[in-house]
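Please model the entire structure based on the sequences and the hints provided.
Residue numbers (the working numbering), protein chains in the order written: chain H, 23 to 378; chain Y, 104 to 554.
It cannot be assumed that every hint is accurate.
[Claimed, not checked] Label-pair distances were calculated between CB atoms; the ranges are: (1) H:Glu-105 x Y:Thr-222: 44 to 54 Å; (2) Y:Phe-318 x H:Pro-97: 52 to 62 Å; (3) Y:Gly-172 x H:Ile-365: 25 to 35 Å; (4) Y:Asp-266 x H:Arg-95: 26 to 36 Å; (5) Y:Glu-296 x H:Glu-360: 50 to 60 Å.
[As the list claims (entries may be wrong)] Using 30 Å as the maximum straight-line C-alpha spacing, the simulated DSS-like pairs for lysine-lysine come out as follows: (6) H:Lys-120 x Y:Lys-279; (7) H:Lys-120 x Y:Lys-263; (8) Y:Lys-263 x H:Lys-99.
FYI, nobody ran anything at the bench for these hints, they're computed from the structure. Bear in mind the structure is a predicted one, so any value in this text is a computation, not a measurement. The beta carbon of each residue, even a glycine, is placed where N, CA and C say it ideally should be.
Residue strings, one per chain:
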Amino acid sequence: MKIGILTSGGDCAGLNAVMRAIGLYAYENIKNCEIVGIPEGYGGLIRGESAPMSRSDFEGLLNVGGTVLGTRRTPFKTMTVPEEGGATRLERMRANYKKMGLDCLFTLGGAGTHRTAALLCAEGCNVIGLPKTIDNDIYGTDVTFGFHTAVDVATEAIDRVRTTAASHGRTILVEVMGNKAGWLTLYAGIAAGAEVILLPEIPFNIDRVCEAVRRNYEKGKPCNVIAVAEGAILDSEAAYKKKERAFVRTERGETTVTAHLAEVIGERTGMETRHTVLGYIQRGGNPSAYDRILSSRLGSFAGKLAAEGRFGVTVAVAGREITFNALPEIAGKYKLVEPDSEIVRSAEDIGVCLGR
Amino acid sequence: MKYCIIDISSSGISLIVAEHDGSEINVSFRDRASLTLVHYMDGRRLTSRGVEKLVAAVRVMKEKGRKLGADELYLISTAALRTMENFEDVGKEVLLKTGVPVNFISGETEAYCDYVANTGYSVYPNTALLDVGGASMEVCALDGGERHYFDFGVIQLHDKFVDRIQPEEKEAKRIKKFLERRFDKAELPEEGEVSTMITVGANANALYDLYAEMFGAESSGVRAMKYKKFKKLAKTLICGQERSRLILDAAPEKLYSVGIAALVTKTLAKRFGAKDIIVSDHGVKEGYLRLILSGELIGAGYRYADEEEAFFFDPVTEDASDVREETAEEPVPSEAGVPAEEAQEAAEESAPKRHRGRPRKERSEEELAAENAPKRHRGRPRKERTEEELAAENAPKRHRGRPRKERTEEELAAENAPKRHRGRPRKERTEEELAAENAPKHHRGRPRKEE
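Set out below in C-alpha cells:
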C-alpha cells in the first residue's frame, strides 16, 4: 500500500506525533507499505512533490512541535478556480494523486483542510482526515490535537500576566487566539482564573464588563485579568457583517477589539489598564503529555482505517473513544461554544463575567 | 393535535411537524440533517459507529419535535435501513436507546405515501409524479392513472455502473441507455402525454438546492426548474469542474446519489417533453401522516406525554416486628346440605387472597388509600391538574388511526366485564363466591387505579 501524508493550514503541537503514529502503525501492520511525505500541504500535492519516508524518519518525532513536512494555507475557495492552462487546483491534485500511485492520502489539518479533503474524496481519491487545530473547532469531534498544548501555553501566560497585574493593581487584557470559536480562550481563562472571559460566540456589552471590573476592585481584588478571544465582538457590532466590522475596526486602526476595550475600561474605571497579545507562542513548543497520547491514538486509529480500506472519513474523539465521521458530514461545519452550555454556565456561576 | 414525523433515508434524516385540526394537515416546521450511512457500513451491515450516529440523529430530531410541542411522533424508514442485512438489530437499538420504534415501510407503501401527499397537484392537466429513491423509483399519473414501480433506485444504479463516488461521462451514458431501455419496456408515457412533471423526495430537493445555487431560485415562489437550465445542471454534475464543490456546498449528503438522480430526472423529462420540473414540498412524511390519520396505515408511534409522566410505585417496606401472626380462621358454618368440609374449602377459597410467603401487616383504610394513590416521580415537579384533566387522562384510551366501530351499551358492558382464562375449567360458583372473588385484591408492584 502506498500512503501519502500532508499537513495543511496553521501548525500546532502534535502534528509530528500524529505522523509518527501513522508511520509506525503502517510499518508495523501493513505489508509492503510505502510512505511518502508531501511538503507544504496541498501546495506540494498541487505541484506533485513528494519524498519517501522510511521507518527511521518517524522516530524521535513524538515530543517535537511543529511539522517536519512543512505546511501552508491553501484556501478552499481557490481549489476549483481554473488557473493557467485551464486546469483547477483540484484537478491537478487529483492527477498528481494518481501519478504518485497513492492508495491512500492522510490529510492533517483544520476545518478548511477537511473541506478540501472532502472535495478530493468526491473526486475519487482515498482520503482520511485527522483533526488538527489549536481552536478545537472541528465539528464532530470532542477535542482536536494541539488544543490542550495551546491551553497549557495560554494558561501559563495568563498566570504570568496576573503576577505583574497584581503588583501594579492593573487591569490587563490578554488576547488569545480564536477567531471563530472561543474554546481556547474559555479553557485558558477558566484555568487561569480570569475575572472576565470574552468569546466570539457571545457578543459582549462593554458596560457590563466595566461594571464587573469596578465591582472586583470594590471587593478588594488587587487586579483584573480579562481573557479576550481575537474574534470577540461588541454587542453593538454583532449586527454588522464581517466586512463592515473589519471596516469599523480599520477606522480605529486595529483588527481586534482588545485595544479599544482596554482604552474604554481605563477611561471608565479610572484604573490602569494594559493589553497584550499572546500571538504565535500558542502554536509553538513541544506537545503536552495529553496531546502526545491523543496524537498517538488518533494516528494509530487512522492507520487502522487505512488498513481496513475505510476512506472518505476523518478520525474523531467521542467521549473516551476514538472513532470516525464521514468527511461530507463535517466538511464546512464548525463546532462553536454554546452560550448556554454547562461549562459557560459554571464559569458564570463562580463569578466570571462573560460580558452579558 | 400536533404530529412529528421523522424519516431516515440513506443520506440524511428529516422531520416535519404538522398540526391536524380534524380535517386539514398543516405542516408548520421542516428540518433536515445530513447522515451518510453509507460511510458507516461494513458490506451490507451497519457498523456500531453507524448505529451510534443514527441514534444521536434520532435523539436530536425527537427533541426538536418535543420543543415544538408535538404530541405524537412516528419514525419511518424506507430503503435506507430496509436494505441492510442487520436492519432488525438496528431497529431494536434505536428503540432501546431512544424509546422510539422504527416503522419500516416498503417501496410500494413509500410510493403510495408520495402519491397521497401530492394529489393536490392533480389540478394541473396530465401530471406525472416521479420519485427517485435509494432502492426504488416510481412514476405515476396523479389523475389516478397508471402507476409504474421500478425495483431499482439510485443505490443500485451506483453499484452497477459507477466505479468511484460520482459518475463519469462514460458511466453516465451507460446509465442513460439502461434507463431508456427500462422505461421503454415499462411503456411509460411519451412526449405529449404528460404536461407537468412533479418530482418528490430527498434527491429532488437536493437537485433543487443545486439548481438554486447555480441559477437562483425562481421568483414565482414555486419550486420549479426549467428543463433547459436543468440540462445544464445535469451536465455540470457529470463532467463540470465545479461539480464537487457545488454538491459539497449545497447538498453534501447527496454526494453519492445526486448525479445519478439528475440523470434519471433528465431522461424522464426529455421523454415526457416537460418544459418545467416542479419539485414538490410534500413527500413521504406528509403522505404517511395522512394515511395514519385516515386509518389506512397503522404505525407504531411514540407519545411525548408518556415520557413526561412516568409513574413509579413505591416498594412496600416490611418490618419484622410487625409481621402479623397467622391466626387460625374460625370454621365457617356450613350451609344446609353442604358438607362442612366443602363449605370450609369454599370459604377459604373465596376469602380475600394474600401474596404467599410474605406476611403483611394490618393497614387502615387511610393507609391503603394513600399507598395506592397514583404516585409521582420524586424530584420532577408536576403541574396542578383539575379533576376533569385527571379524569380525561385516566379514561380508557384507544389507538389512534384504527377506526373503531360503534358499540352498543351491552357490547361495551360485555367487553368490560371481568374475564376468565379460557381453557381452565371452572366449577360453578354462587353469586356470593363470585363477589368475594372479585373484591379488590392487593398485589405488590402493581398500582391501583382510582375507582
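Here's how the hints hold up against the structure:
Against the hinted window of 44 to 54 Å, the Cβ-Cβ separation of Glu-105 (chain H) and Thr-222 (chain Y) comes to about 52 Å, which satisfies the hint. In this structure the hint that Phe-318 (chain Y) and Pro-97 (chain H) lie 52 to 62 Å apart at CB is violated, the actual value being about 26 Å. Under the hint 25 to 35 Å, the C-beta atoms of Gly-172 (chain Y) and Ile-365 (chain H), about 29 Å apart, fit the expected range. Judged by the Cβ atoms, the range 26 to 36 Å given for Asp-266 (chain Y) and Arg-95 (chain H) holds: they are separated by roughly 33 Å.
For the pair Glu-296 (chain Y) and Glu-360 (chain H), the beta carbons lie near 55 Å from each other, so the given range of 50 to 60 Å is met. Restraint check for Lys-120 (chain H) and Lys-279 (chain Y): the C-alpha separation of about 28 Å stays at or below 30 Å, so the hint holds. Of the pairs offered as hints, the one joining Lys-120 (chain H) and Lys-263 (chain Y) holds, with about 24 Å between alpha carbons and a cut-off of 30 Å not exceeded. Taken as a hint, the Lys-263 (chain Y) and Lys-99 (chain H) pair is broken in the structure, with Cα atoms around 34 Å apart against an allowance of 30 Å.
In summary, the numbered hints that this structure violates are 2, 8.
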